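Enquirer: This is what each chain is made of:
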Amino acid sequence: MAKTNPGRFFEDYALGDVITHAVPRTVSGGERALYHALYPARHALASSDAFAQACGLPASPLDDLAAFHVVFGKTVPDISLNALANLGYAEGRWLRPVWPGDTLRSVSEVIGIKQNSNGKSGVVWVRTTGLNQHDEAVLEYVRWVMVRKNDHDLPAPETVLPELRNTVPANRLVIPEGLDFTDYDFALAGEPHRWGDYEVGEQIDHVDGVTIEEAEHMLATRLWQNTAKVHFDATNRDDGKRLIYGGHVISMARALSFNGLANAQMIIALNGGAHANPCFAGDTVRAWSEVLDKAETTAPGVGAIRLRLVATKGGAPFQLRGDDGKYLPDVLLDLDYWALMPL
Amino acid sequence: MAKTNPGRFFEDYALGDVITHAVPRTVSGGERALYHALYPARHALASSDAFAQACGLPASPLDDLAAFHVVFGKTVPDISLNALANLGYAEGRWLRPVWPGDTLRSVSEVIGIKQNSNGKSGVVWVRTTGLNQHDEAVLEYVRWVMVRKNDHDLPAPETVLPELRNTVPANRLVIPEGLDFTDYDFALAGEPHRWGDYEVGEQIDHVDGVTIEEAEHMLATRLWQNTAKVHFDATNRDDGKRLIYGGHVISMARALSFNGLANAQMIIALNGGAHANPCFAGDTVRAWSEVLDKAETTAPGVGAIRLRLVATKGGAPFQLRGDDGKYLPDVLLDLDYWALMPL
Amino acid sequence: MAKTNPGRFFEDYALGDVITHAVPRTVSGGERALYHALYPARHALASSDAFAQACGLPASPLDDLAAFHVVFGKTVPDISLNALANLGYAEGRWLRPVWPGDTLRSVSEVIGIKQNSNGKSGVVWVRTTGLNQHDEAVLEYVRWVMVRKNDHDLPAPETVLPELRNTVPANRLVIPEGLDFTDYDFALAGEPHRWGDYEVGEQIDHVDGVTIEEAEHMLATRLWQNTAKVHFDATNRDDGKRLIYGGHVISMARALSFNGLANAQMIIALNGGAHANPCFAGDTVRAWSEVLDKAETTAPGVGAIRLRLVATKGGAPFQLRGDDGKYLPDVLLDLDYWALMPL
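Residue numbers (the UniProt record's numbering), protein chains in the order written: chain A, 1 to 343; chain B, 1 to 343; chain C, 1 to 343.
Isolated chain A (complex conformation) (with noise of 0.2 Å):
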């Protein structure tokens, strides 16, 4: 009878399911000026045709994380409009570039499912492809969430956990066709380091910090239709606060991240990503890089750099876990990915 969504429980959930998530979405270049201007996002190829066309692309691209946000967020009423966790993600890769003018959706299919002893609750895994009006992937990325169960007395499914990669190998990254960084820009990139100036081990402090603004990450949110009411809901939990969705701290790191990592050009891959703390409006967010691996790639001029993305409410640097082997109560984001970096 209710016509309102009330979100899947765990029992709603079962092995080999396909969602098709609802609410397509048309790109325009009033996403992109809006990501740069929610974001200090300075990487040139996702700012400029120009630079873009210099590489090979027959445009810049949509930024990655834009389009990630807008895939992600056509999941979040089929997938964690009950969650109680958002405990990973896993396998992401980006496969083909997300131009102005496509229209992207969403499919989710669920591959792993396990009940939690407590029998109030469990953990669904699923691997969800955003696509284009093609019919073209454009995004692939694994998740899994804890969600409450409704009704207690069903049994528990049997337990399925899934064989998830920890890192998506090098040679599985798909390099965006045409992409060719022989004749990089490095002045109109904005910094002189390339694939080769960094090391395995290196930490980079971007120095920058944004404090949080509610319209701001509301505007964010609501612009990849991820409408979860913790995140716009002053009256939602007792402290009046709202949750700041968590990709809005992704973006928001990545974009600090340019100093000192303007030539990592494209993110490529999602590796693994912990929300380790919430954040709130009033945060005043920074972020660090630690360089976790390199490899070539078969493009020309183009070099892959893993790297790992901290952002943090305050302390130092370079502090990531406590003794106890947690995550120190200022770090928001732990996130492992791969990018793309001129030779």
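A couple of the hints might just be wrong.
As the list makes no split between identical chains, a pair holds if one copy fits it or if it spans any two.
[To be verified] DSS-like, lysine-lysine: derived pairs with alpha carbons at most 30 Å apart:
#, residue 1, residue 2
1, Lys294, Lys3
2, Lys114, Lys326
3, Lys3, Lys326
4, Lys294, Lys241
5, Lys120, Lys149
6, Lys294, Lys120
7, Lys241, Lys229
It should be emphasised that the hints constitute simulated quantities derived from the structure, not laboratory data. Small disclaimer: the values here were computed from a predicted structure and weren't measured.
Take the given structure of chain A and dock chains B and C to it, following the hints.
Expert: Structure of chains B and C alone, referenced to chain A:
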């Protein structure tokens, strides 16, 4: 001598006056992106070119309310700058979709006038038409406002009360050319409920709430080039509050109504509406709807549904008026409109 | 070793240096929509393709100040990251309209240098040029900043003071190709006052005020990819305040000046400007103008008008300096520019 616009007073209107409103505006994907950032808007037809094309349209039109706000915003300097109250709407009809790239302008005709008995103010009725760059009407509506009289000694004009329909009759609804819901994709649209699933008298609580920030309503109101100072200048009222543009509440409530009315795709007529109480930053807006009527249309697979949309800032849903017949203090908006829905 | 950009210090500039600024930017309808959302901008030429075409242009250009902000924003990491003060502007000229789809980049040449007598800082003059994707100059201006010296032991450079005009002479104004105000539509533009209606010495109070929010000035400043931390990081100053980008005040004041100067359609030259006092969130910005000069142009129906634009955060209009000759504390901006107006 003064170069600035003092706005019109009651004595500046005469029956039959035709007012050309200033500042035509070209809309683009930028306005669409901002609309999605400002409101939790998810109706698929205004979100996706591919979805709109599958419904027989050449592209995704600008959200119907965005078109309304652009047309309305232009009228503010001429109609409501000195208004004491925005009294009502009637006979609103969307006549043609607005596409990115269109340029809109507005014209109003004075169709009714009545001086108040106190001699210090009066009511003016205008019929406003929004036109595109081909001089085609895209939208028309009547609104009436109470306006201050500047020179109380001037004689009262002859009272003329326009004859206005309480409701736009279903046979006067203008369906966008080509619209066809025969192959409507309910999964992509977000809900399975079709026209036949809604009953006259049915009430729907849209569940979600959005807490409004000053920055957001000011961005929205400026986007429509509505620059009335009450919305922007915190020094304008003794209490330091900025009054939120009533259209912001309309769009917020309409977007919230996606949850339960995802298939009420296009607003096609505005039968009436009242801004029951003022809205201020910090208010958490919620919405509920009531099905008032249903009608068939001549377009394939397309039904019409007449809805009451109520926005509140607290209280229980489905409470509208007190024992005295007046709107309850938590009611912000009471809107009566026709939408199009797949059969 | 450090990968992050520490900014340039005084000793890093030498006369004749040419600096290629990073991060070219493609603009679209998204930037235009955001400009209208951020400022109460209503000048018809930058709002409507149809209006612009009726004035002989191929389309509506990006607002002149939006073009300025894009060009200026790129220079911040190289010119003003370590600036102690933004001392002045001169010889600014708009050379060519910026159209949606254009890609802008910026280049600066050091044209003057002078170490301060304290040996700890100095003044650097640069002439910045904004270029489009065809390497055509769209904008040029001189600004000078006081910059910290990092190594006080280094010798002072030879002082070179550039010769700068106090005012761009009318015969050096560059009128956009094709501009023709012969059939200018004053009703659509919003005011009847033409070039001949303004007298040198005339002062106009623009009446309206806008109270500024943190979220808004940060969105605006990021949109121009100006990421100087003083604008974003509330922990950067002892008082927890974020300094508002001076360009935000310029755009706000210019937009407010529509009310009284609706026909001052294009800013065509920047003669000078001072950010008299800092602006912070919560300030209510108002504006007044004074006609400084008038000139004819060679374009049909097009006159030039030189205006002083003053932004304030309080106090009465038309008050600029105290008895000591200093700007009054409520004055935020004193700008001197040429605009184009129909005869």
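Enquirer: Each hint: holds or not?
Expert: Structure-based check of all given hints:
no., hint, in the structure
1, Lys294 / Lys3, "between (51 Å within a copy, 17 Å between copies)"
2, Lys114 / Lys326, "within (24 Å within a copy, 54 Å between copies)"
3, Lys3 / Lys326, "between (42 Å within a copy, 29 Å between copies)"
4, Lys294 / Lys241, "neither (40 Å within a copy, 41 Å between copies)"
5, Lys120 / Lys149, "within (5 Å within a copy, 64 Å between copies)"
6, Lys294 / Lys120, "neither (43 Å within a copy, 43 Å between copies)"
7, Lys241 / Lys229, "both (12 Å within a copy, 26 Å between copies)"
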